[in-house]
Amino acid sequence: MPKPLNYYLYLKPFATLLRLLARLLAPRLTPTPTTTLHIPSRDPNRTIKVHVYTPPTTQRKQQQKGPTPLLLNFCGSGFIIQGHGLDDPYCHHIAQNTSYTVFDIQYRMSPEHPFPAPLEDAEDVISWVRSRPEVYDLDRLGLSGFSAGGNVAVSLAANHEGPFKALVAFYPVVDAVRSVEERVAVEREGVKLPGWFMRFCTKAYL
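All residue numbers for the sequence shown refer to the numbering used here, where the first residue is 1 and numbers rise by one.
Hints were generated in silico from the structure; no laboratory data involved. Check before you lean on any hint, since a few could be wrong.
As the list claims (entries may be wrong) - Within a straight-line C-alpha distance of at most 30 Å, the following computed DSBU-like cross-link-like pairs (lysine-lysine) qualify:
#: 1; residue 1: K165; residue 2: K3
#: 2; residue 1: K65; residue 2: K192
#: 3; residue 1: K165; residue 2: K12
#: 4; residue 1: K203; residue 2: K12
#: 5; residue 1: K192; residue 2: K203
#: 6; residue 1: K203; residue 2: K65
#: 7; residue 1: K192; residue 2: K12
#: 8; residue 1: K49; residue 2: K3
#: 9; residue 1: K49; residue 2: K65
#: 10; residue 1: K49; residue 2: K12
Throw the hints in and build the complete structure from the sequences for me.
Written out as structure tokens, the structure reads:
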């Protein structure tokens, strides 16, 4: 399907600039998952990269026999800046302190792959997991996500087949109806994303 004109004149160039700035300014982190999977996509000749974090062997034997509970995590990205791997400390913490295995899922970015591409990637991973009930405890599937990844997690829980045992969404982007100016910021210290950035991310995704 051909891209609209504003993709070439505005969305793609500006997204490229933001990615360059993020690479220059953001701290770099080398993730250390237990292993990495490449799960088949619904698209021919494409796979979805998943970092896998497993509980310590002794803890796994003590707490769980049989299929393992699973948490599916989606990183923050603004929908446009690939952040896969940045949640490495969080994923390690969950795996080391619970009986849950963690899947940290690399979903596609906008504007090259707008809605519903990220959701389709998430659905494909869930379908792959559900086809392996002998490995994963389907009664204990959880979802988590940060920012744009929180949107993916919430959208899955709200609109797709469950059940999901838990949903944890950190500062999720879930309102694309009200304008940025209409939204009320939480009164606390921290980084506040400028309105122009949120408008661009929404435009690129939708």
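Hint-by-hint comparison with the structure:
no., hint, result
1, K165 - K3, "violated, 39 Å"
2, K65 - K192, "violated, 44 Å"
3, K165 - K12, "violated, 38 Å"
4, K203 - K12, "holds, 11 Å"
5, K192 - K203, "holds, 19 Å"
6, K203 - K65, "violated, 46 Å"
7, K192 - K12, "holds, 24 Å"
8, K49 - K3, "holds, 25 Å"
9, K49 - K65, "holds, 27 Å"
10, K49 - K12, "holds, 23 Å"
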